[in-house]
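In my numbering, the protein residues as written are 1028 to 1318.
Hints listed in this document are in silico derivations from the structure and should not be mistaken for laboratory results. Please read all numbers here as calculations on a predicted model, not as lab measurements. Careful: at least some of the hints might be erroneous.
Result set (SDA-like, lysine to any residue): computed pairs, CA atoms no more than 20 Å apart in a straight line [stated by the list, open to error]:
| no. | residue 1 | residue 2 |
| --- | --- | --- |
| 1 | Lys-1142 | Ala-1101 |
| 2 | Lys-1142 | Gln-1110 |
| 3 | Lys-1142 | Thr-1186 |
| 4 | Lys-1142 | Trp-1175 |
| 5 | Lys-1142 | Arg-1098 |
| 6 | Lys-1142 | Phe-1283 |
| 7 | Lys-1142 | Val-1182 |
| 8 | Lys-1142 | Val-1075 |
| 9 | Lys-1142 | Ile-1231 |
| 10 | Lys-1142 | Gln-1131 |
| 11 | Lys-1142 | Asp-1153 |
| 12 | Lys-1142 | Val-1155 |
| 13 | Lys-1142 | Asp-1099 |
| 14 | Lys-1142 | Arg-1102 |
| 15 | Lys-1142 | Gln-1233 |
Quick list of the computed label-pair ranges, beta carbon to beta carbon [what the hints assert, rightly or not]:
| no. | residue 1 | residue 2 | range |
| --- | --- | --- | --- |
| 16 | Val-1182 | Pro-1076 | 19 to 29 Å |
| 17 | Asp-1153 | Arg-1194 | 30 to 40 Å |
| 18 | Ala-1101 | Glu-1057 | 11 to 21 Å |
| 19 | Glu-1163 | Gly-1247 | 19 to 29 Å |
| 20 | Tyr-1103 | Gln-1131 | 19 to 29 Å |
| 21 | Glu-1163 | Arg-1194 | 46 to 56 Å |
The beta-carbon is built from N, C-alpha and C at its ideal position, and this holds for glycine as well.
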Amino acid sequence: MRPARDPGAALGGPIPVYRGPGGGWDEVRESLTRRGSAVLVAGLGDWVPREGAPADGPDGEYPGDRAVLGRDWARYQAMSHEQVRERFLASRLLLKTAAGAALQAPPETVDLAYKLGGRPYLRGCDQVDISLSHTEDLLVVGLTRRGWIGVDAEVADRTLVGTGAERQICTPYEAAQLELLDPARRNPALVRLWTLKEAYSKAIGQGLRFRFTEFGFATGAERVSVLRPDGSPGTGGEWSFGTWAVTGYTVSVALFDAGFDETADIAARTMLDDGLVDALIGPQRALASGV
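Please model the entire structure based on the sequences and the hints provided.
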């Protein structure tokens, strides 16, 4: 077990990013270089394509939505609900543009794939882990070269207390801790617990398959760590957690430090040999061009 890492050393605050070359991408790259991880937040409206809007990526000319979506284009075309289509398109454009910025590769060459349960990953680039969350008008992306990452977001004032959600979310220890809080603080605390549990479940690749009543967090601990249902320690210092308020939303991140090499250079052509790069991104270029 590695010694506890200062959460601030691996997790900076959320970085707002916008569609276009001035959208905060230098800060994203700096965070990945210095911390090894980055959490990005964006508004849905910033990433839903608008007629006549400039189509620029973080490094210049933008190749177009179909080219960036790649394998996801057919899935996108099959969606009939307009709001679902918009959120799917915007979230994938953001995720692939962010991954492209991290890998110093054009976003249309990033091969986004999905594991069982729908967790996205970068095919051929296991050194970089990714996570995606979106709710209403907020998009959140997590990137790390340290190990695993999970992100989640929820509307900050969503009512959970008194709806029966406590029985689905809380361990016995958490339920007892919530009862000790001032009534006005209970709902925000429960929203925070929910987002932390979602983020942790995504980081370990379990999603909603891992019952939230089987693990927990302290409601007011200075350093957040996973607890067993009775409140005893459940994980070590290899995990870091963070929660932030972002314009009406609660955003949480879970990061597992797997002890990977501390190299700050995660450019695609540094991590992969030229032949493998061409084999991976060549089909993507052909797909994007309609060949």
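Now for the hints, and whether the structure bears them out:
The straight-line distance between the Cα atoms of Lys-1142 and Ala-1101 is roughly 18 Å, inside the 20 Å bound, and the hint therefore holds. Taken as a hint, the Lys-1142 and Gln-1110 pair is broken in the structure, with Cα atoms around 24 Å apart against an allowance of 20 Å. Using a Cα cut-off of 20 Å, the hinted pair Lys-1142 and Thr-1186 is violated, with the two alpha carbons roughly 32 Å apart. Annotation: proposed proximity of Lys-1142 to Trp-1175 holds, straight-line Cα distance about 14 Å (limit 20 Å).
Proposed proximity of Lys-1142 and Arg-1098 is supported: the alpha carbons are some 14 Å apart, at most 20 Å. The straight-line distance between the Cα atoms of Lys-1142 and Phe-1283 is roughly 18 Å, inside the 20 Å bound, and the hint therefore holds. Restraint check: the Cα-Cα separation between Lys-1142 and Val-1182 comes to about 27 Å, which exceeds 20 Å; the hinted pair is violated. Our distance criterion of 20 Å between C-alpha atoms is broken by Lys-1142 and Val-1075, whose separation comes to about 25 Å.
Note on Lys-1142 and Ile-1231: the hinted pairing holds, with a Cα-Cα distance of about 12 Å set against a maximum of 20 Å. Proximity of Lys-1142 to Gln-1131 is assessed by CA-CA distance (about 24 Å); at most 20 Å being required, the pair is judged violated. Distance restraint check for Lys-1142 and Asp-1153: the Cα-Cα separation of roughly 13 Å lies within the 20 Å cut-off, and the hinted pair is therefore satisfied. Restraint check: the Cα-Cα separation between Lys-1142 and Val-1155 comes to about 15 Å, which is no more than 20 Å; the hinted pair holds.
Straight-line distance between C-alpha atoms of Lys-1142 and Asp-1099 comes to about 14 Å, which keeps the hinted pair within the 20 Å bound. Restraint check for Lys-1142 and Arg-1102: the C-alpha separation of about 16 Å stays at or below 20 Å, so the hint holds. This hinted pair checks out: Lys-1142 and Gln-1233 have alpha carbons roughly 11 Å apart, not beyond 20 Å. Look at Val-1182 against Pro-1076: about 25 Å separates their beta carbons, and that is inside 19 to 29 Å.
Take Asp-1153 and Arg-1194: their Cβ atoms lie about 38 Å apart, and the range 30 to 40 Å holds. Roughly 36 Å separates the CB atoms of Ala-1101 and Glu-1057, a value that falls outside the hinted 11 to 21 Å. The given range of 19 to 29 Å is respected by Glu-1163 and Gly-1247, whose C-beta atoms sit roughly 28 Å from each other. In this structure the supplied range 19 to 29 Å holds for Tyr-1103 paired with Gln-1131, their Cβ-Cβ distance being about 26 Å.
For the pair Glu-1163 and Arg-1194, the supplied restraint of 46 to 56 Å is violated, since their beta-carbon distance comes to about 25 Å.
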